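A.B. asks: Here is what each chain is made of, one letter per residue.
2 protein chains.
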Amino acid sequence: MREILRRSPFESTIYLGDNARAPYGVRGDDEVRRFSIQALDALVRRNVKALVVACNTSTSVALGDFRRRYDLPVLGVVRPGAAAAALATRNRRVGVIATPATVRSRAYFNAIKDENPAVEVYEHATPTLVPLVEAGMLSGSEVEEAVRQAVAPLLGERNEDGDFIFPLPPSARIDTLLLGCTHYPLLTTILRKSVGDSVAIVDSATATASSLAELLSVNALESPGTTRGTAADAGMAGHEAPNETAAVPVHFQLTTGDVELFRAVAERMFGEAFPDVERVDLEAGLS
Amino acid sequence: MREILRRSPFESTIYLGDNARAPYGVRGDDEVRRFSIQALDALVRRNVKALVVACNTSTSVALGDFRRRYDLPVLGVVRPGAAAAALATRNRRVGVIATPATVRSRAYFNAIKDENPAVEVYEHATPTLVPLVEAGMLSGSEVEEAVRQAVAPLLGERNEDGDFIFPLPPSARIDTLLLGCTHYPLLTTILRKSVGDSVAIVDSATATASSLAELLSVNALESPGTTRGTAADAGMAGHEAPNETAAVPVHFQLTTGDVELFRAVAERMFGEAFPDVERVDLEAGLS
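Chains as they are written, first to last, in our numbering: chain A, 1 to 287; chain B, 1001 to 1287.
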C-alpha cells in the first residue's frame, strides 16, 4: 500500500487486512482460496475498479480463480516480484524464501522462468518468520537466529568471522534473495546481516505498484487527477478540464481483527492521513 | 522454425517432429507430458543449448515439468503468443482457438491475464482443425465449413451476405483471434474469410522467435556469428575475433514418422537448405 500511494498518489484505495485469520501461508490451498474470495468479494461490493492481491500465498494458490470470478482486473504480487528478481540477478541464481503454501505452488519458480528461462530458482519455505513478524518481533538475538537458520540452506553456513563454512557449491550460490512473503521486508535489516552485502534483496512491493500504475494507464482506468497538467488530458473525450475533475483521493482500511491494534500500526506506517479503520466480518458475509 | 531462422540466422538447430504420434491435443495430460519428455530427452542428448517447445499443447500441459527436468533454458509458445495478443487487442477482448488439452489447461487465459489483467479471454476448443491440416486439407468448401463452425462461437453466426446473425453481445465481441495451435496458421487464409477484416489474427511464431533471440542474447548464449561486426564483440572475454569463430550454422531434422513425407514438406517450406532428415525412435529410447 505504501508503494502504491507513492506511485499512484491520485488513486483512492480500500485496504482489507484479514488479520483475524492470518497467517495464510501455513493453511491448505482450499482454505486460502475460500478466505481470499471472501475478502475480495467484500472489496468488490465496495465498487472498486481493480483488485491487488497483496499476499504471496493467495496469489500463488488462486490468482487464476480470482481472475475467473471477477470481471475486474486482478493483479497479484508474484509476477512483479519475479520480474524484479530476474532483473537483479547477475549470476542467474535466485533464492526465494516464502511460506509453505507459496513454495508448494511453485509459482515463483514458474514466474521467474517465464521472465528468463536460464535463471536457476531455489525455493525454500521459511514458516518460522511470519509468526515472529506477527508478534512484532523485528529485532533481537532470537529473531536473528531464526532468520539465520531460515536462509542458511540457500547460502551455506557461516562461521564466527562471517565466512562461509560448508558452503553450497558455487553452482548453487545465489546472488539474489527474493522475499516471497509480504511480511519479510520488515526483517530486511536482519536478513541483510545474514546474507551479507553481496546478495541483492528484492521484494514485490515496488514492482507491484509499478505494475498497477501500468495496468491503470494502459486500460484508461486512472483517476482523472493522475494526468493533471499533462498533454494527455487534451485529447481525452468526455473528460472535464483536469483541475475541475481531480478529486482528493480517499482511503479506507478494513480489518477482520482488532481495530485499535490495526489503527496503531497504520498510523505508525502512514501517519494521520489514514484515520479510517473499520472492522469487517467476512465469515458472516455482513461486510 | 522458419521464424527462428529468420530472426536468428547464425544459430544451428535441431528440429524434432513427433509426427508418428501427432496430434497431441486430443490426448490426456499424462500422455502429452510423457511423449514430450521423450522428445526433449532426445534433443538434450544431442547437446543443445536451449529448448523450444514449439507446441501449444505440450507447453500448456507441462512447461513447468520440463523446466524442472532440464538445466537448459526451456521456452514455450504460450507466453509469447499471449503477449502478442495482449498487444494486438484494442477492445480488450481476445478469442483463443486451441486444442482441447490447451483449453483445459487455461494456459492462455492465465498468460494473457498476466500480460494485461483487464483483457477478457474467450477460449474455445476446436478439435476438428488439426486432423484437416494433418491430412493436407488447407482449402476447399469442406475446410471452409469446418473453420466457420469452429470460430462461430467466438463471433456469432453470419448469413449469406456475410453479416452477423444471432451475434454475440458487443460486450463479448472479440477484436483479436489468437491461433493457439501451431497447425492453425496454415489455415490463415480461410480463417480470415470467416472472421472478417476487423479481427486481428495473431499466432505465436514471430513472438516466440523474438523471445528466443532475447533469451540467447540476455544470457550470452548466442552463436559467435550473431554479433559479427558489432561493437559488442570487442569486450567479450575468451572470444576470438568474430570472423574466425563464426561457423556456418547446421540444421538437422528428426521425425518419428515417415522420412520421405517429412522431407517433402520440409523442402517445400525451406528449400534445399534443409536436406538432413533422420528417423528417430522415441519409444525405444534408441535416439
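None of these hints come from the bench; they were simulated from the model. Source: prediction; values computed, not measured. A hint or two may mislead.
Taking CB as the label site, the calculated pair distances span [stated by the list, open to error]:
no., chain 1, residue 1, chain 2, residue 2, range
1, B, Ala1020, A, Pro153, 43 to 51 Å
2, B, Ser1198, A, Asp71, 18 to 26 Å
3, A, Asn91, B, Glu1214, 17 to 25 Å
4, A, Glu214, B, Ser1198, 56 to 64 Å
We treat Cβ as the ideally placed atom computed from N, Cα and C, and that holds for glycine.
A.B. asks: None of the hints should be skipped; say for each whether it holds.
C.D. replies: Hints, one by one, checked against the model:
1. Roughly 44 Å separates the CB atoms of Ala1020 of chain B and Pro153 of chain A, a value that falls within the hinted 43 to 51 Å.
2. At roughly 24 Å, the beta-carbon separation of Ser1198 of chain B and Asp71 of chain A lies within the given 18 to 26 Å, and the hint holds.
3. In this structure the supplied range 17 to 25 Å holds for Asn91 of chain A paired with Glu1214 of chain B, their Cβ-Cβ distance being about 19 Å.
4. A C-beta distance of roughly 27 Å is found between Glu214 of chain A and Ser1198 of chain B, which places it outside the suggested range of 56 to 64 Å.
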